[in-house]
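Protein chains in written order, with numbering that gives the first Met the number 0: chain A, 0 to 259; chain B, 0 to 288; chain C, 0 to 317.
You may find that some hints are simply not true.
[Said to hold, decoys possible] Here are the simulated distance ranges between beta carbons: (1) C:Leu132 x B:Arg275: 28 to 36 Å; (2) C:Leu137 x B:Val274: 31 to 39 Å; (3) B:Arg275 x A:Arg201: 34 to 42 Å; (4) A:Arg70 x B:Phe157: 39 to 47 Å; (5) B:Leu279 x C:Gly138: 33 to 41 Å; (6) A:Arg107 x B:Phe157: 53 to 61 Å; (7) C:Val16 x A:His188: 51 to 59 Å; (8) C:Ala306 x A:Gly14: 55 to 63 Å.
Since the hints were made in silico from the structure, they are not lab data. Glycine included, C-beta positions come from ideal geometry on N, C-alpha and C.
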Amino acid sequence: MNALELSGVTVRFGGLVAVNGLSFSVQDGAIHSLIGPNGAGKSTVINTITGLYAPTEGAVRVAGRDTARLRPDQIACAGVARSFQNTEMFGEMTVIENILIGAHRQARHGLFASALRLPSYFRGEAEMRRRADELLEMLGLGRDRDTLASALPFGKQRQLELARALASSPKLLLLDEPAAGLRSAEIDHLNRTLVRLRDEHRLTILLVDHVMKVVMNISDRITVLNFGQKIAEGTPAEVRADPEVRRAYLGDRPDRARAS
Amino acid sequence: MLLPQILLSGITAGAVYALVALGFVLIYRGTHVIHFGLGEQVALGAYLVVLIQLYLPIPFWPAIFLALIAAGIFGFIIERAVMRPIKMQPILVQIIATLAVGLAIREGLRAVMGPQAWPFQFLLSPVPQSFMGVHFAWANIAIVIAALLVMGALYVFFAHMKLGRAVLATCQNPTGASLMGIPVPTIVSSIWVMASVLAAIAGILLAPIVTLSPEMGLIGIKGFTVAVLGGFTSLPGAVVGGLILGVIETAAGIYVSTAVKDATTYLLLVLIIIVRPQGLFGALAVKKV
Amino acid sequence: MRRVRRPFLWWLALLAVLMAWPLVASEYRVFQAGVIASTAIMALGLVIVTGVAGQVSLAQAAFSAIGAYGAALLATKLGVPAYFGIPLAAALAGVAGYGLGLASLRLGGHYLALVTMAMTAIVQVGLTHWETLTGGALGLMVPPLTVAGKELTSGFALYYVVVPVAFALFLGVSNLMASRLGRVFAALRQSEVALQTLGINVLHYKALAFALSGALGAVGGGLQGLQTTFLDPHGFGIIESVVLVAVIIIGGFRSIPGAVLGSAVFVLIPELLGGFQAYKGVVWAVLLLLMIVLFPGGLAGAGAALAARLRPNAGAAR
Chain A
0 MNALELSGVT VRFGGLVAVN GLSFSVQDGA IHSLIGPNGA GKSTVINTIT
50 GLYAPTEGAV RVAGRDTARL RPDQIACAGV ARSFQNTEMF GEMTVIENIL
100 IGAHRQARHG LFASALRLPS YFRGEAEMRR RADELLEMLG LGRDRDTLAS
150 ALPFGKQRQL ELARALASSP KLLLLDEPAA GLRSAEIDHL NRTLVRLRDE
200 HRLTILLVDH VMKVVMNISD RITVLNFGQK IAEGTPAEVR ADPEVRRAYL
250 GDRPDRARAS
Chain B
0 MLLPQILLSG ITAGAVYALV ALGFVLIYRG THVIHFGLGE QVALGAYLVV
50 LIQLYLPIPF WPAIFLALIA AGIFGFIIER AVMRPIKMQP ILVQIIATLA
100 VGLAIREGLR AVMGPQAWPF QFLLSPVPQS FMGVHFAWAN IAIVIAALLV
150 MGALYVFFAH MKLGRAVLAT CQNPTGASLM GIPVPTIVSS IWVMASVLAA
200 IAGILLAPIV TLSPEMGLIG IKGFTVAVLG GFTSLPGAVV GGLILGVIET
250 AAGIYVSTAV KDATTYLLLV LIIIVRPQGL FGALAVKKV
Chain C
0 MRRVRRPFLW WLALLAVLMA WPLVASEYRV FQAGVIASTA IMALGLVIVT
50 GVAGQVSLAQ AAFSAIGAYG AALLATKLGV PAYFGIPLAA ALAGVAGYGL
100 GLASLRLGGH YLALVTMAMT AIVQVGLTHW ETLTGGALGL MVPPLTVAGK
150 ELTSGFALYY VVVPVAFALF LGVSNLMASR LGRVFAALRQ SEVALQTLGI
200 NVLHYKALAF ALSGALGAVG GGLQGLQTTF LDPHGFGIIE SVVLVAVIII
250 GGFRSIPGAV LGSAVFVLIP ELLGGFQAYK GVVWAVLLLL MIVLFPGGLA
300 GAGAALAARL RPNAGAAR
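Using the sequences and the hints given, assemble the complete structure.
Now the structure itself:
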């Protein structure tokens, strides 16, 4: 089954068409990339999948389920987590607290257990913290555990956002430019993490990015957008060879395309 | 009671509400803050006239003039001393600051002038007249005319004067305005001064027909309701909203009960915010986005 | 487990001091302390909804009216004693708060302030005009709290009712704010979008914050009614809501102890002014403005900053 399916999705803001009749599907357990020049509508696609925007036409299906009538939090509960292009931290909270928010839904202890500090509260909090610590280690944030999120350098904020998304135990992960602003070593680390998430944790990943070093190296499949429309789709090799893609996107940056 | 009678009373109140609402709309458009203390500035305007006449041996009209100047200076001080330093704080803090300004004015008036009501002079004779079966007083007509004059002056100011257009440009797009060489901080100050003077005018018009006491500041809620009715960003919307509220309120007081009259404003406010937060005429504003 | 036990001992020590103090204090001070405690409960509700969750609420006076009038009317009309009446009224206020929170859907800061303000005004109009039930503008006598046939009316006796209740509520809310629920409230203030995409129903939690603040407002109002013995619609208006917001700003906005500090300042200001009682409102308002502009952290924040300065190594040691 497909983890994600868009069919004929159009998103209009007033007179502006941000996404135009877009259809593609993301296979279960794949890393699928969505690329395109600036303003091609990539972030709009992510915002539409997560329910922050409503499609003007067309349908989005997550694991076969139509999300049209769902609120953003219900879509997230269906197993979709995401990161943001400009990061949306809880800046006044520490790194671990950010992750604990991500894990909120996994815990079961309630209002009364928390207010009265019943045993279930201690068990629940301990379990949440244990899982959060695991995620911190996995993403290399172990030493920043008690740092304020807003005090982290940008690259680590991206890692934190990823950790927080993972804490919500998603099946489908949407990453909006996770590599933007990262240094080369950090990008390698990101690549390894994403591949590991796919292979070991059976996660499906939809990746939006400019950085070819990520997209071309780890994607199973790539969809290319231009002016809100799909202009190509295929494996990295196929996309790279596509003349229209070269013209619209890769063509004006041959250095990047070769570098990968 | 006769429909024309309701309309006349409603329009009298509505014209004043519209003036208060115009102040809200101006400040909101210029600074994206709703000034929750503007109602208290309405009361302050009327009190200033009383105060000036208590301490200076001058007649009513010059006292009004001085009061308006004082009200403007007060608005300037609020902007510089309170609102500007916290400009970068979360909106929550700014809202609370405007509430605090209102509380300070109200408590200041109560401390200096006492909790009791003060008599306030009518602009014209309050003696009831009758024309074709409709009762009216020249005092009420004066209120409507004064409010209309102020609105007319505002229209001319915004449509035809350089400063007025600079204010509108700043409201629309502060960054763009400052790139065009408009001194945005000065404009923001003048927005506060204008709104404060408008509030004072409303207070002076209203004081004779309601009771001049520290409680008069609660008129602010009527101003909010009117501004919300009009969509909170539209100046003409505020005027129409004022008239609508004035008429509805009068009708509710006559046909149902005074309790309902009191509650009308609040219920209307909640209803509009929940059902139609963009206001009655908000659709036009939304299209621009 | 050691991390858990130590604060618990502090709470226990605090309770011991609170219970012993009236034995050595004057009757008037004890009465004042009781009033501070009931005010602090109302303020605690605001700390949750406005301070932590970041939702402006001018409805707190309305909630305290529900508590005060609700408990008094249950006692007068139906003979329900206050120790059942106040929790019942609090439950009602909680439901009302949840509803108000749901109505806040789509509403940003300003509109929320307006809606909560309107709610307070509507409740006040109701109290004033529904004379057959509430006594209207003439007011309503609060029947005394009767326990085991004894009427508790002295400040001393009521202290031992109000303060333990306040203590328990503060302890419970502290625990709650340190738990996953408190974290979500705090996150609400920082990024609703991020919360939604983590699968958290923002509206439900906003409503829950309002429900908690409503219930606490009602408990505070109900207890204060027992202390003042008389209710008047004038005491439950928009201004009173603003004053409660001022209490938490002066105390420290997001700080739970700040609710007590702010309430103490509020109750004690009249004393500091001596012969200038008329100015207490102005002093209060100016204090509020000064806090907002100069010390956004309030008294609790200023205290913490001072403590940090006195122990310059404390930060480095961590």
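So, going through the hints one by one against the coordinates:
1. C:Leu132 x B:Arg275: 28 to 36 Å: Because 33 Å falls inside the window, the suggested range holds.
2. C:Leu137 x B:Val274: 31 to 39 Å: holds, 36 Å
3. B:Arg275 x A:Arg201: 34 to 42 Å: violated, 47 Å
4. A:Arg70 x B:Phe157: 39 to 47 Å: At roughly 41 Å between Cβ atoms, B:Phe157 and A:Arg70 fall inside 39 to 47 Å, so the hint holds.
5. B:Leu279 x C:Gly138: 33 to 41 Å: With a Cβ separation near 39 Å, B:Leu279 and C:Gly138 satisfy 33 to 41 Å, so the hint holds.
6. A:Arg107 x B:Phe157: 53 to 61 Å: Given range 53 to 61 Å: holds, Cβ gap about 59 Å.
7. C:Val16 x A:His188: 51 to 59 Å: holds, 54 Å
8. C:Ala306 x A:Gly14: 55 to 63 Å: holds, 58 Å
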